[in-house]
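Chains A and B, in that order, are what the protein sequence lines are. For what it's worth, this note's numbering labels the leading residue of the first sequence as 56, then goes sequentially. For what it's worth, this note's numbering labels the leading residue of the second sequence as 4, then goes sequentially.
Simulated from the structure, these hints should not be mistaken for laboratory data. Be aware that a few hints might be false.
Which residues of chain B face chain A? A few of them, derived with a C-beta cut under 10 Å, are [as the list claims (entries may be wrong)]: (1) S116; (2) V117; (3) G207; (4) G234; (5) P276.
The calculated label-pair distances, taken between Cβ atoms and stated as ranges, are [as the list claims (entries may be wrong)]: (6) T225(A) with E363(B): 23 to 29 Å; (7) R365(B) with T225(A): 55 to 61 Å; (8) R113(A) with A193(B): 34 to 40 Å; (9) E96(A) with H285(B): 29 to 35 Å; (10) L279(A) with P250(B): 47 to 53 Å; (11) E96(A) with H254(B): 51 to 57 Å; (12) L240(B) with R247(A): 32 to 38 Å; (13) A110(A) with E363(B): 31 to 37 Å; (14) L19(B) with V275(A): 29 to 35 Å.
Some chain A residues well away from chain B (every beta-carbon gap over 12 Å; in silico) [as the list claims (entries may be wrong)]: (15) I85; (16) G200; (17) G207; (18) E208; (19) A241.
Predicted model, so just to flag it, every value in this text is computed and none were measured. Positions of the beta carbon are idealized from the N, C-alpha and C atoms, including for glycine.
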Amino acid sequence: MRDGVRGHRMDHQDGAGVTITVMVVDDHPIWREGVARDLTERGIHVVATAPDADAAVRIAVATRPQVVLMDLFLGATSGVQAIAGILAKLPATRILVLSASGEHTDVLDAVKAGAIGYLVKSAGADELLAAVRRTAEGIAVFTPGLAGLVLGEFRRIAGTPAAGPTPALTERETEVLRLVAKGLTARQIGERLAVSHRTVESHVQNTLRKLQLANRVQLVRYALEQGWADEWADD
Amino acid sequence: MTVSSVAVLERPLEALWRGLLIYRVLTLVSAVAVILYMLEDYATQVGAILVVAVMCGWTAVTGYGYFGGLPGARDLRGRLALVDLAVTVAIMATTPLVQTAAQVGADAPVMGSVWTSGPVLALALAGGVRGGLAGALVVSAALLLVQARPERELGDVQLLFLAGLTVGFAATVLLRSAERLRRAVASQAAMAERDRLARAVHDGVLQVLGYLRRRGAELGGDAGELGRLAGDQEFALRGLLVTGPAPVDVHGRHDLAAGLRALGSPRVTVSAPAHAVYLPAHAVDELVAVVAAALANVAVHVGVDAPAWVLLEDLGTGVEISVRDEGPGIPAGRLADAAAQGRLGVTRSIRGRVLDLGGEIRCETGSGGTEWIIRTERA
């Protein structure tokens with residue numbers, strides 16, 4: 056049944072009708088239990104919780120949640136590590152970062168590693184519920200802060216001389232990202248640019264995908280420079 | 004920190020000791036060559052060769068000792084240098100026995116000649132300026148005693164004292180700076196560890212404050228007020244942790260992103276790149292002041308709880324800052340009226356500052372809100 060839920064492409068309209076399975080990863084029991092309770096009360100199926108990166112990967116493989124709520128600071132281990140570990144084994148998992156520490160480089164690394172959304176922990180329970188629903192549908196959950204980080208990262212990539220083509224944003228994508236960073240909602244942006252808010256969301260989505268791609272391109276380029284490709288070929 | 008740099012910190016004088024070895028061997032070669040060249044002049048050729056043999060043997064012994072001593076043993080180089088001094092003086096004392104009266108009278112070099120300066124340098128390395136001067140004093144005294152015309156040796160005496168003084172001083176300075184560097188490295192490591200521990204503690208505090216804020220908002224009433232207060236503290240602490248003291252680059256420029264993030268609050272969202280945006284310290288101070296003034300303006304004209312958004316973009320050639328609110332907008336002509344009435348608030352604190360920096364500022368206002376866009380170029 057779980058696999059059935061995972062395979063089902065949920066629509067915006069009836070998304071609330073299908074039970075979403077969630078795993079909560081947080082090193083603080085007070086949060087882990089609090090968030091799990093809030094979500095359970097609102098009809099989300101919390102299938103597992105985990106206190107650190109290693110447990111998160113192990114338990115995710117065993118329970119196969121649709122959405123993982125990930126804290127970035129997990130005691131001695133890091134959430135970025137856990138994100139990479141989970142996505143390596145279960146690429147279809149959607150990961151929403153829920154962080155208190157506001158470490159912007161960590162947030163950016165998490166998104167590069169494959170997280171598709173970011174929410175600060177002080178967000179209310181209803182806001183969290185909405186974010187989990189959107190994440191389950193594969194829609195990016197963006198805060199203005201995250202948009203500012205992604206925008207800054209693309210500008211940084213564009214500013215550094217690269218040895219080859221690196222994914223860049225289109226003018227429209229940059230425009231949308233700037234408006235998100237300035238605090239406008241998808242609907243407000245849609246009105247301003249005379250497009251639907253879905254179009255706005257898909258632009259935002261693309262920026263994330265390109266950032267992850269750029270990250271991969273950079274990693275591969277680095278590996279080639281270091282001569283690792285031969286070692287891989289030998290494996 | 005590499006292994007070799009640790010070794011330099013632990014034993015900063017090793018290079019000088021190795022230099023001393025080379026000096027010893029070179030002076031031995033030169034002294035022995037002179038003796039062998041003039042061998043026929045000596046009162047006793049066997050005696051002269053015996054002295055040469057002792058010099059060679061002793062150079063080998065001290066060479067081994069000075070090169071780092073017996074492995075695992077205590078550093079006994081200071082004591083070896085004292086023995087070295089005694090042996091050297093003994094070699095010099097053989098001069099009247101080995102040389103003829105004619106040689107001594109003709110001011111032939113003392114037995115050992117330039118080689119005898121070795122223990123002065125060794126003592127200087129082992130005992131600093133005082134060691135160097137003591138060594139120079141003893142060797143000079145021996146020199147003046149065995150030579151027939153002491154007044155001719157004053158130049159050598161000067162050189163001996165100069166060598167003892169400078170090498171001793173260099174050794175002292177090297178030891179002191181290595182000690183300072185060692186202390187700096189240790190305190191840096193301690194700071195990093197404290198940071199790591201503090202991060203865990205602060206993260207815990209942030210978690211609890213964030214939780215209070217969230218639960219407070221859900222419960223409402225008095226609990227809501229407590230939650231709001233907890234939220235303010237959470238923001239302040241997070242800003243402090245992320246921002247820290249404004250980071251400064253090697254040119255003394257400050258990070259504008261860190262400066263602007265410090266203005267964040269539950270009602271003010273600040274978005275900026277993850278990397279530092281360095282600008283001259285003065286420009287950073289002014290731009291932060293401009294944004295603070297614009298945010299204060301939002302609080303006055305839109306409401307104390309009105310949300311506002313700040314976006315910093317690093318365009319490479321310059322920076323662009325946007326400060327946006329969703330208030331009713333600024334009626335046309337109001338800024339000009341205020342300026343005409345002598346209320347220069349916005350004009351002076353926002354426009355004036357930006358123009359002084361050589362930047363541009365424009366204001367887009369309408370029923371959807373107000374956005375200030377500030378742009379400055381990098382020099």
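Hints, verified against the model:
1. Violation of the interface hint for S116(B) is found here, the shortest Cβ-Cβ separation to chain A being roughly 59 Å, above the 10 Å cut-off.
2. With a cut of 10 Å, the hint placing V117(B) at the interface with chain A is violated, because the nearest CB-to-CB distance is about 54 Å.
3. The restraint placing G207(B) at the interface with chain A holds, with a minimum CB-CB distance near 7 Å, inside the 10 Å limit.
4. A distance limit of 10 Å between C-beta atoms decides the matter here; for G234(B) the minimum to chain A is near 6 Å, and the interface restraint holds.
5. Evaluation of the P276(B) hint against chain A yields a held restraint, the C-beta minimum of about 2 Å falling below 10 Å.
6. Checked against the given bound of 23 to 29 Å, the beta carbons of T225(A) and E363(B), roughly 26 Å apart, stay inside it.
7. Here the CB-CB span from R365(B) to T225(A) is close to 25 Å, at odds with the stated 55 to 61 Å.
8. For the pair R113(A) and A193(B), the supplied restraint of 34 to 40 Å holds, since their beta-carbon distance comes to about 36 Å.
9. For E96(A) paired with H285(B), a C-beta distance near 53 Å fails the hint of 29 to 35 Å.
10. Distance hint check for L279(A) and P250(B): the Cβ-Cβ separation is about 33 Å, which falls outside the suggested range of 47 to 53 Å.
11. The beta-carbon spacing between E96(A) and H254(B), approximately 54 Å, falls within the hinted interval of 51 to 57 Å.
12. Between L240(B) and R247(A) the Cβ separation comes to about 35 Å, which falls inside the hinted range of 32 to 38 Å.
13. In this structure, A110(A) and E363(B) break the distance hint of 31 to 37 Å, their C-beta atoms being roughly 53 Å apart.
14. As the Cβ distance of L19(B) to V275(A) is approximately 50 Å, the hint placing it in 29 to 35 Å is violated.
15. Not every C-beta of chain B lies more than 12 Å from that of I85(A), the closest at about 6 Å, which undercuts listing it as non-interface.
16. Not every CB of chain B lies more than 12 Å from the CB of G200(A), the least distance being 5 Å, so the non-interface label is violated.
17. For G207(A), the condition that its CB be more than 12 Å from all CB atoms of chain B is violated, with the nearest at approximately 2 Å.
18. For E208(A), the requirement that its beta carbon stay farther than 12 Å from each beta carbon of chain B is not met, with the minimum near 6 Å.
19. With 12 Å as the threshold on Cβ separation, the claim that A241(A) sits away from chain B holds: the shortest Cβ distance comes to roughly 15 Å.
Violated hints for the displayed structure, listed by number in ascending order: 1, 2, 7, 9, 10, 13, 14, 15, 16, 17 and 18.
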